[in-house]
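**Q** With the hints as extra help, turn the sequences into a complete structure.
Going by the working numbering, the sequence shown opens with residue 6, and the numbers climb by one from there.
Warning: the hint list may mix true and false statements.
[What the hints assert, rightly or not] Below, simulated DSSO-like cross-link-like pairs (lysine-lysine); rule was C-alpha separation at most 30 Å, straight line: (1) K41 - K52; (2) K31 - K52; (3) K100 - K31.
By construction, these hints were calculated from the structure, which means they are not laboratory data.
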Amino acid sequence: MNVVLWIVQGALALLFLMAGVTKVSKPKEKLAGQMKWVVDSSPGFVKFVGAVEVLGALGLVLPALTKIATVLTPLAAVGLAIVSIGAVVIHVRAKEPRETGFTVVLTLLAVFVAWGRFGPYAF
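**A** Right under this line is the structure:
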C-alpha cells in the first residue's frame, strides 16, 4: 500500500505542479482560452490558486522524501482536497461536466493520500 500511496502522491504532485505553474506564469488573458472559470476571476485570485497548487504539490512529496516535518505531507493532501472541492463547485456552476468529473477524481485521490499518510501508512 505504501507504494500505491507514493504513486498517487507523485501523480497528484505532478498534476498540481503543472496546473499551478501554468496559473502563476501565464497572464489571465492567455489562460481564459484554456480555463473558462478564469474569465470571471480576478488575476490575483488565479495567481493565488496557482501558488496554492504549487505549494501543495511540493508538500505532497518533499517532506516525505527529506524526512523533515513529514506531517506536512497529509496536511498538503488535505489542503489540495479542499482546493479541489472549491474547483468542483466552480466547474459545476460553469456546467463543465468533463472538468467536474476529473476534479472529483483528484479530490478523492487527495483524500486517499491524506487517509493513508495520517493513518496506517504514516511516515
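**Q** Each hint: holds or not?
**A** Okay, the hints, checked on the actual structure:
1. Only pairs whose Cα atoms come within 30 Å are accepted, and K41 paired with K52 is accepted, the gap being roughly 15 Å.
2. Pair hint K31 plus K52 holds up; C-alpha atoms about 9 Å apart against a cutoff of 30 Å.
3. Under the criterion of a C-alpha separation no larger than 30 Å, the hint pairing K100 with K31 is consistent with the structure, at around 24 Å.
No hint from the list above goes unmet by this structure.
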